[in-house]
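*Asks:* With chain D's structure known, arrange chain Y on it following the hints.
Note that the protein sequences, when read in sequence, are chains D and Y.
With the first letter of the first sequence counted as 1, position 12 gets the number 11 in numbering that gives the first Met the number 0; the numbers rise by one all the way through.
With the first letter of the second sequence counted as 1, position 372 gets the number 371 in numbering that gives the first Met the number 0; the numbers rise by one all the way through.
Where hints are given, some of them may not hold.
Claimed, not checked - No more than 30 Å apart at the CA atoms, straight line, and that leaves these computed lysine-lysine pairs for DSBU-like:
id, chain 1, residue 1, chain 2, residue 2
1, Y, K106, Y, K65
2, Y, K322, D, K22
3, Y, K414, D, K146
4, D, K34, Y, K482
5, Y, K273, D, K137
What the hints assert, rightly or not - To spell it out: a stretch of chain D is covered by chain Y in this simulated footprint if at least three of its residues, at any positions, have a beta carbon under 8 Å from a beta carbon of chain Y; those stretches are:
id, stretch
6, 58-72
7, 126-134
As the list claims (entries may be wrong) - Which chain D residues face chain Y? A few, computed with CB under 8 Å, are given here:
id, residue
8, K22
9, T23
10, M26
11, L82
12, G83
13, T84
14, A85
15, Y87
16, V88
17, R121
18, C122
19, V123
20, V138
21, P140
The set of hints was computed from the structure by calculation and includes no laboratory data.
By construction, the Cβ of each residue, glycine as well, lies at the ideal position given by its N, Cα and C atoms.
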Amino acid sequence: MAHLQMSAAKQIAEIVERYKNEKTPLMLILSDVQKEYGYIPLEVQEFISDLTGIPVSEIYGVVTFYSFFSLTPKGKYVIGVCLGTACYVKGSQLVVDKFSELLGIKPGQTTDDGLFTLDVLRCVGACAIAPAVTINGKVYPMVSTDKVAGIIQEYRTKEANSND
Amino acid sequence: MIKIKNSDELIAKVRTCATCLENKIHGTDGKKAIVVCGGTGCLSSDSAEILNRFQALINEKGVEDKVTANVVGCFGFCSQGPFVKIFPEETLYTKVKVSDCDEIFNKDVLGGEIVDRLLFIDPLSKERVKKQSEINFYRLQKRDIALRGNDLINPENIEEALGDGSFLALNKALHMTRQEVIDEILKSGLRGRGGAGFPTGRKWQFAYNVDSDEKYMICNGDEGDPGAFMDRSIIEGNPINVIEGMMIAGYAIGAKNGYFYIRAEYPVAVERLKIAIRQCEELGLLGDHILGTDFSFRCHIRLGAGAFVCGEETALLNSIEGKRGMPRPRPPFPAVKGLWGKPSVINNVETLANVPYIIREGADHYAAIGTEDSKGTKVFALGGKVNNVGLVEVPMGTTLRQLIYDIGDGIPNGKKFKAIQTGGPSGGCLTEKDLDTPIDYGSLIARGSMMGSGGAIVMDEDNCMVDVAKFYMTFICDESCGKCSPCRIGTKRCLEILEKITSGQGTMEDLHELKELANVIRTNSLCGLGQTAPNPILSTLASFEDEYIAHVVDKKCPAHVCKSLMQYYIKPEACRKCSLCSRSCPVNAISGVVGKEPYVIDQVKCIKCGTCLNSCRFGAIIRK
Numbered sequence: 000m001a002h003l004q005m006s007a008a009k010q011i012a013e014i015v016e017r018y019k020n021e022k023t024p025l026m027l028i029l030s031d032v033q034k035e036y037g038y039i040p041l042e043v044q045e046f047i048s049d050l051t052g053i054p055v056s057e058i059y060g061v062v063t064f065y066s067f068f069s070l071t072p073k074g075k076y077v078i079g080v081c082l083g084t085a086c087y088v089k090g091s092q093l094v095v096d097k098f099s100e101l102l103g104i105k106p107g108q109t110t111d112d113g114l115f116t117l118d119v120l121r122c123v124g125a126c127a128i129a130p131a132v133t134i135n136g137k138v139y140p141m142v143s144t145d146k147v148a149g150i151i152q153e154y155r156t157k158e159a160n161s162n163d
Numbered sequence: 000m001i002k003i004k005n006s007d008e009l010i011a012k013v014r015t016c017a018t019c020l021e022n023k024i025h026g027t028d029g030k031k032a033i034v035v036c037g038g039t040g041c042l043s044s045d046s047a048e049i050l051n052r053f054q055a056l057i058n059e060k061g062v063e064d065k066v067t068a069n070v071v072g073c074f075g076f077c078s079q080g081p082f083v084k085i086f087p088e089e090t091l092y093t094k095v096k097v098s099d100c101d102e103i104f105n106k107d108v109l110g111g112e113i114v115d116r117l118l119f120i121d122p123l124s125k126e127r128v129k130k131q132s133e134i135n136f137y138r139l140q141k142r143d144i145a146l147r148g149n150d151l152i153n154p155e156n157i158e159e160a161l162g163d164g165s166f167l168a169l170n171k172a173l174h175m176t177r178q179e180v181i182d183e184i185l186k187s188g189l190r191g192r193g194g195a196g197f198p199t200g201r202k203w204q205f206a207y208n209v210d211s212d213e214k215y216m217i218c219n220g221d222e223g224d225p226g227a228f229m230d231r232s233i234i235e236g237n238p239i240n241v242i243e244g245m246m247i248a249g250y251a252i253g254a255k256n257g258y259f260y261i262r263a264e265y266p267v268a269v270e271r272l273k274i275a276i277r278q279c280e281e282l283g284l285l286g287d288h289i290l291g292t293d294f295s296f297r298c299h300i301r302l303g304a305g306a307f308v309c310g311e312e313t314a315l316l317n318s319i320e321g322k323r324g325m326p327r328p329r330p331p332f333p334a335v336k337g338l339w340g341k342p343s344v345i346n347n348v349e350t351l352a353n354v355p356y357i358i359r360e361g362a363d364h365y366a367a368i369g370t371e372d373s374k375g376t377k378v379f380a381l382g383g384k385v386n387n388v389g390l391v392e393v394p395m396g397t398t399l400r401q402l403i404y405d406i407g408d409g410i411p412n413g414k415k416f417k418a419i420q421t422g423g424p425s426g427g428c429l430t431e432k433d434l435d436t437p438i439d440y441g442s443l444i445a446r447g448s449m450m451g452s453g454g455a456i457v458m459d460e461d462n463c464m465v466d467v468a469k470f471y472m473t474f475i476c477d478e479s480c481g482k483c484s485p486c487r488i489g490t491k492r493c494l495e496i497l498e499k500i501t502s503g504q505g506t507m508e509d510l511h512e513l514k515e516l517a518n519v520i521r522t523n524s525l526c527g528l529g530q531t532a533p534n535p536i537l538s539t540l541a542s543f544e545d546e547y548i549a550h551v552v553d554k555k556c557p558a559h560v561c562k563s564l565m566q567y568y569i570k571p572e573a574c575r576k577c578s579l580c581s582r583s584c585p586v587n588a589i590s591g592v593v594g595k596e597p598y599v600i601d602q603v604k605c606i607k608c609g610t611c612l613n614s615c616r617f618g619a620i621i622r623k
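Here chain D stands alone, though its shape is the one from the complex:
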């Protein structure tokens, strides 16, 4: 609690309040918090526990069970490589490996500069344009390994320009 800023505490309290008439609101609360802050650290779980009376052990159990909830913050750009079957049979594992190699991180990790997180996804339903890569929601169709460097550079350039 000590680490939680007043503004965040207020907003989280609002989210909890939003679902007070629901019989079992935990998933709803966590989804909203994840969406708002990008992660759900232990302090926040403790705070939700104080507000709802749900034991923090139970909340932690739920947060760690679902892949959408994260305990640590994600990078500014979240790269999601689809590893659905349609993408896989068209070589998306090689695309994951290439991103890994060029960024120096494994899937699930974030680069030290906080710029990129590499995730593998289970089917984004864009099977017709396999292999598909999404970056903060934007879909890149038919990504082959030789396109990977260019995609990363696109965001590095964007970042360099915004810092100017």
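*Replies:* Same frame as chain D, but now just chain Y:
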């Protein structure tokens, strides 16, 4: 909006809306209608901007009274998207770009002249095809049950759904007794479309028979099979149809509340469902005393959070209840003790999308479609190594050959067909010898696969079946919830053996152990996920044992996929000594002398990345 208070008002409203929709299709009001595909595939290829451009053009030219433009669900022919269709001529334009909009608008919409270059080209006759119905991909399909309205109505406008006949089935059901509704579904032969194929009517009957002050209807939209997107498209394209199906089910079993459990990965589907629910409430079609009867019903949405196991019905219940999504032992079955301990029926999205059709047209009419053991149609997400990738709805009994070659137009690049995987991580691979198998629940199981939720991934000679089994096992290991040990530990051990085999360390004992382990997992796991988890291994072992043996005995991967079993060679006689490969090699494993000595790959240093193979312009580098 004015509330619809009874059956007569509904019928009057449907009639008015039907006229509007007719006008749109046939241009009887003198207007042209532009519709743009709003499926996820097309949206990722800028279909939203295409629609914006058309709307801007309508404003610019001041032709609001002559032309309309709006979004529709999904045309299903994803490899040819984005689609633009012009009514009343029904001209279908494919692979449209934002930069094509002005030409389509000026030439066709205003000028009445077809833009030839954007028409679909028939791969056989090489002729340009003008209408959707004339394209082979659509010819064998029956897209008016589960995918009803998908490429016609605006999914964000309930009036178009009403114009297409939505809620007439609910109206009819409300004039029947609850038992009569269940009898009708039983008679139709409808079976669950989520994978297992349990008769829907029987599920409803169980819940109907239980006395309880509260019952729940749940729609399972946690479509987790990687490579399947039927449910998403159905909700995105016609959310009202699914809501109506759920309401009919709710009426039949005696539920007042319905929950949609949808994957969080499907934001468009969730948004359209929210809009549809709100519009139903505004019209009084959801709420208290629907159509002036005693039937009251409300719909709620719950989002998944990325756990495949939540597609299992009892795990899904736990997830709605705010717990870890782990399955519960059955019995008690959800129909007796489900959500919050109350009788609940959980039906898949596609199953519910079939219900209004059955009630509206009658069970006999529905049962006339399909085969003896499987009635109606099935939607498949056809993908992988097939020319026509997309969403198809075919009558049960269609053969795999028709699906792959007639609708799917065969394998690209002249490659050879190897297998089609149905049923996702729970299913199996079917091969050449199974191609004339009619698609129905029984036939697919008899051949070692299953219907599953509708993923159909085609593989060609370049796919390694051991690698495919490893892919599914990796998926299952990630997604096993960990509650029971056969699934938690067994799948991990299976994966380790597969990794051993694909890295060239496998033995014949490993193959034996793999089979044994697979059978233990199948018979001892708690839920459907574990019980079906070994299927990809067992089915590939059954059809492609020689490929496993090649990995184990010859230490070769015949499809050249498994890196550890592969070597790159430069044919000295073909090498032009240009040094390009050497310069592109990331680990300096290639040496030679420019113009003098042919280049050679150091097999110890080589990381098998394949860069040299792609860089060589003379075809001197080969994989072994």
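*Asks:* Can we keep the R121/D interface hint, with Cβ of chain Y closer than 8 Å?
*Replies:* holds (5 Å)
*Asks:* Per the CB criterion, is V123/D less than 8 Å away from chain Y?
*Replies:* Status holds, d = 7 Å.
*Asks:* Let's test the interface hint: is any C-beta of chain Y closer than 8 Å to that of G83/D?
*Replies:* Nearest chain Y Cβ about 4 Å off; hint holds.
*Asks:* Holds or violated: is the Cβ of P140/D closer than 8 Å to a Cβ in chain Y?
*Replies:* holds (6 Å)
*Asks:* Return the status of the interface hint for K22/D: holds when the least beta-carbon distance to chain Y is below 8 Å, violated otherwise.
*Replies:* Hint on K22/D: holds, closest Cβ of chain Y at ~6 Å, below 8 Å.
*Asks:* Is the hinted pair K34/D and K482/Y satisfied, with a Cα-Cα distance of at most 30 Å?
*Replies:* holds (28 Å)
*Asks:* Classify the hint on L82/D as holds or violated, based on whether any CB of chain Y lies nearer than 8 Å to its CB.
*Replies:* holds (7 Å)
*Asks:* Check the hint pairing K106/Y with K65/Y against an upper bound of 30 Å on the C-alpha distance.
*Replies:* Within the cut-off at roughly 15 Å; holds.
*Asks:* A closest beta-carbon separation below 8 Å is what the hint needs, so does M26/D meet it against chain Y?
*Replies:* Cβ of M26/D sits 5 Å from chain Y, so the hint holds.
*Asks:* Should the hint that V138/D touches chain Y count as held when the rule is a Cβ pair under 8 Å?
*Replies:* At about 3 Å, which falls below the 8 Å cut-off, the nearest Cβ of chain Y leaves the hint on V138/D intact, so it holds.
*Asks:* Is the shortest C-beta separation between C122/D and chain Y less than 8 Å?
*Replies:* Hint holds; C122/D Cβ to chain Y Cβ min 4 Å, cut 8 Å.
*Asks:* Closer than 8 Å, Cβ to Cβ, for at least three residues: run that test on the stretch 126-134 of chain D against chain Y and report holds or violated.
*Replies:* Held - the stretch 126-134 of chain D has 5 residues with a Cβ nearer than 8 Å to chain Y, which meets the minimum of three.
In this structure, every one of the numbered hints holds.
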